[in-house]
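Undergrad: The primary structure of each chain is shown beneath.
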Amino acid sequence: MIQPTKTAPDFLEQLATSGEGESPLGCMQCGLCAASCPLGHAMEYPPRRLLLRAAAGQVDRLLQSPTLWMCVGCYLCSLRCPRGIELTDGLWPALRDRAMQAGIQPPAELQETFQNLLKYGNVLGKSPRQRLQWAEGLDVPVLDLSKQPQPVEVLWIVGDYPSYYPRNQRVARAFARILTALGIRWGVLGAKECALGECDRMFGEEGLFETLVEKNRQVLQTQRFEKIVLLDPHEFRAMEHFYPRYGIRYPVEHYVTFLANRLSDLTARIVRSIDATVTYHDNCCVGRRCRCFDPPRQLLGAIPGLKLVEMERNREDALCCGGGGGGMWLDAHIVAHGGYRLSDERIKMAARTGAQILAVSCPFELSRFEDAAKVTGLEGKVQVRDIIELLAEAMDLGEKETV
Amino acid sequence: MKIAVVIRQVPDLIEPLEVDSSGKALDLGSATFILNESDDHALEQALLLKEAQGGSVSVLAVDFGDVDNSLYAAAAKGADQLIKLLWDDPNRPPWPQQAARMFAEVLRPLAPELVLVGVQAHDELDGVLPPELAVCLGWPYVGVVRGVKADDGQGLLVRKEFPGAVMAEFAVRLPAVLGILGAEQPPRYVPVSRIRAAMKSSQIAEQEATVPPWAARVEVARLSPPAPAERAEMLTGSAEEVAQRIAALLEEKGLLR
Numbered sequence: 000m001i002q003p004t005k006t007a008p009d010f011l012e013q014l015a016t017s018g019e020g021e022s023p024l025g026c027m028q029c030g031l032c033a034a035s036c037p038l039g040h041a042m043e044y045p046p047r048r049l050l051l052r053a054a055a056g057q058v059d060r061l062l063q064s065p066t067l068w069m070c071v072g073c074y075l076c077s078l079r080c081p082r083g084i085e086l087t088d089g090l091w092p093a094l095r096d097r098a099m100q101a102g103i104q105p106p107a108e109l110q111e112t113f114q115n116l117l118k119y120g121n122v123l124g125k126s127p128r129q130r131l132q133w134a135e136g137l138d139v140p141v142l143d144l145s146k147q148p149q150p151v152e153v154l155w156i157v158g159d160y161p162s163y164y165p166r167n168q169r170v171a172r173a174f175a176r177i178l179t180a181l182g183i184r185w186g187v188l189g190a191k192e193c194a195l196g197e198c199d200r201m202f203g204e205e206g207l208f209e210t211l212v213e214k215n216r217q218v219l220q221t222q223r224f225e226k227i228v229l230l231d232p233h234e235f236r237a238m239e240h241f242y243p244r245y246g247i248r249y250p251v252e253h254y255v256t257f258l259a260n261r262l263s264d265l266t267a268r269i270v271r272s273i274d275a276t277v278t279y280h281d282n283c284c285v286g287r288r289c290r291c292f293d294p295p296r297q298l299l300g301a302i303p304g305l306k307l308v309e310m311e312r313n314r315e316d317a318l319c320c321g322g323g324g325g326g327m328w329l330d331a332h333i334v335a336h337g338g339y340r341l342s343d344e345r346i347k348m349a350a351r352t353g354a355q356i357l358a359v360s361c362p363f364e365l366s367r368f369e370d371a372a373k374v375t376g377l378e379g380k381v382q383v384r385d386i387i388e389l390l391a392e393a394m395d396l397g398e399k400e401t402v
Numbered sequence: 000m001k002i003a004v005v006i007r008q009v010p011d012l013i014e015p016l017e018v019d020s021s022g023k024a025l026d027l028g029s030a031t032f033i034l035n036e037s038d039d040h041a042l043e044q045a046l047l048l049k050e051a052q053g054g055s056v057s058v059l060a061v062d063f064g065d066v067d068n069s070l071y072a073a074a075a076k077g078a079d080q081l082i083k084l085l086w087d088d089p090n091r092p093p094w095p096q097q098a099a100r101m102f103a104e105v106l107r108p109l110a111p112e113l114v115l116v117g118v119q120a121h122d123e124l125d126g127v128l129p130p131e132l133a134v135c136l137g138w139p140y141v142g143v144v145r146g147v148k149a150d151d152g153q154g155l156l157v158r159k160e161f162p163g164a165v166m167a168e169f170a171v172r173l174p175a176v177l178g179i180l181g182a183e184q185p186p187r188y189v190p191v192s193r194i195r196a197a198m199k200s201s202q203i204a205e206q207e208a209t210v211p212p213w214a215a216r217v218e219v220a221r222l223s224p225p226a227p228a229e230r231a232e233m234l235t236g237s238a239e240e241v242a243q244r245i246a247a248l249l250e251e252k253g254l255l256r
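Residue numbers (numbering that gives the first Met the number 0), protein chains in the order written: chain A, 0 to 402; chain B, 0 to 256.
No lab work stands behind these hints: they were computed from the structure.
C-beta atoms are modelled at their ideal positions from N, C-alpha and C, and glycine is treated no differently.
Each hint should be verified, as a subset may be incorrect.
Calculated pairs, DSSO-like style, for lysine-lysine (alpha carbon to alpha carbon, straight line, at most 30 Å) [claimed, not checked]:
#1 Lys23/B <-> Lys148/B
#2 Lys214/A <-> Lys199/B
#3 Lys49/B <-> Lys118/A
#4 Lys199/B <-> Lys118/A
#5 Lys125/A <-> Lys23/B
#6 Lys83/B <-> Lys49/B
#7 Lys83/B <-> Lys118/A
#8 Lys199/B <-> Lys1/B
#9 Lys214/A <-> Lys49/B
To be clear about the criterion: a stretch of chain A counts as covered by chain B if any three or more of its residues have a C-beta under 8 Å from a C-beta of chain B, and this derived list gives those stretches [what the hints assert, rightly or not]:
#10 72-85
#11 114-121
Only chain A is shown next, with the shape it has when bound in the complex:
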């Protein structure tokens, strides 16, 4: 039996005053967090046990455990906790930070991502000068505000994957065409764009998160815009929730709400039907964490011919793709210790609905689910498309060649 220490452990005391959720000292060990966690069964210390050990002053023994790098930032534990304890943005990153401060090495795959962010300001380790690679040969003009600063309606922070990763570049191009078709005055930051950081303050690498915040403070204060629009839900959460703590406050929207607020304009420009059964995967940040469930469905519902069906786990109960919390770069670690990839399980759920298309609204999910389709034998049976791509196709603004 583990006895809580008499003096409240300083680690949890610090967390209690961090401003993330209610005090972890109020944990009543109900276990709902552990039972909800999609990888809890495979963890040496599922969330409940993490809190118990931490309350018993045994933080140091948690830091060496593979458990530390298995949280995929899905927010299920945090949002279901009856005490309102914020595990995802509170306990996990705090433990990871403490581990790294103590010299314990994060898994190698994640170290490379950290280094890339520090050196180049993007997770992929690409040249910042090639930020506009996605727009080469694009049929609509792209205003590079780093070269021609001027007031715009929308400052679009393109994001790392849409800027550099070929599959996601297609989505970036489609979004550029949609913004232009809607008559919006928009611009991008070009070579000055730098990753904003993630929802959980860069998976616990807080110093790195603060470095990114400072870089973005410098860049953003030189620009004049009405709002920031983002494709990446994690960056949206970072900008909406964490940047204000550093005194950086801008109106910000994820693209699903931005477009859903212009639904009649969009509908007026839709000229083609998409005759397919589609299911939508709620991403964790914009979906569960920010409770934005209807706008993506309204966007899909605006496409004629499209039949929307729901997966067995949807909206606030959606199963995570496994890409958050650093999971995007921890697949080998998580498969080694957890036994499976969440994206594989999720695409099987999508297939069980009979849908031909799995619609997503997060840049991580295209490659995660397309890989999952290959692994699970569902390639060619379930197509993975971003909502932007489906809208662009319905507006006759899609890529000319097929996916």
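For this one, chain A is given, so just place chain B on it according to the hints.
TA: For chain B alone, kept in the frame of chain A given last:
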């Protein structure tokens, strides 16, 4: 053990390299610079030795590129002393032969028992600096080193890699210079907050070193990116047809026995 590590800044190859207007050199003004990878391993090996048997680690670099950040990161990882050798030309680093003499001048009074340096740098593939430095100091040298352990006596046991997957172990008497290919474990990650703390708490000592005149004996006549050759043949058809064509090609070129 008192260890010194020499680190270098090299052009970052994520940026496209450009030839300057003379047509004889790289345009380093448009390049960004990063820590040379095998120097990072040399630093890691030095830290492992210090952790195993105590001592101190001094890190030396020429003032070029983004060297301050590399030095502070070294301090955050556990280096005790940071030394920057003054250098006037922001457009190019010293030639390795010049750098070796500059480092030797600073290392002599510092009197480390061991100097570790990356065995090569991607702007200096001949690996001139480490042996040249050993010659300047008059110390023994072992290159292509993949592991260093303290010997029970006074020296070190050094594992050196040879072609053909042959590894040899050398007993090395100190002082010595080692050219490190890889440390016994990958260079450690140090969180950014620790690097920031090191920027506040560590001092980079700036030191003058005589820059020896250097006239290259080999002159570059012309530098250009490789011209694309149109020799690729795309094979089309069914898998069987493609396989047959590949087999025929291998036979034509005398690669099949």
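Undergrad: Are the hints correct? Go through all of them and say.
TA: Evaluation of the provided hints:
| no. | hint | in the structure |
| --- | --- | --- |
| 1 | Lys23/B <-> Lys148/B | 44 Å, violated |
| 2 | Lys214/A <-> Lys199/B | 19 Å, holds |
| 3 | Lys49/B <-> Lys118/A | 28 Å, holds |
| 4 | Lys199/B <-> Lys118/A | 20 Å, holds |
| 5 | Lys125/A <-> Lys23/B | 27 Å, holds |
| 6 | Lys83/B <-> Lys49/B | 21 Å, holds |
| 7 | Lys83/B <-> Lys118/A | 21 Å, holds |
| 8 | Lys199/B <-> Lys1/B | 24 Å, holds |
| 9 | Lys214/A <-> Lys49/B | 35 Å, violated |
| 10 | 72-85 | violated (count 0) |
| 11 | 114-121 | holds (count 4) |
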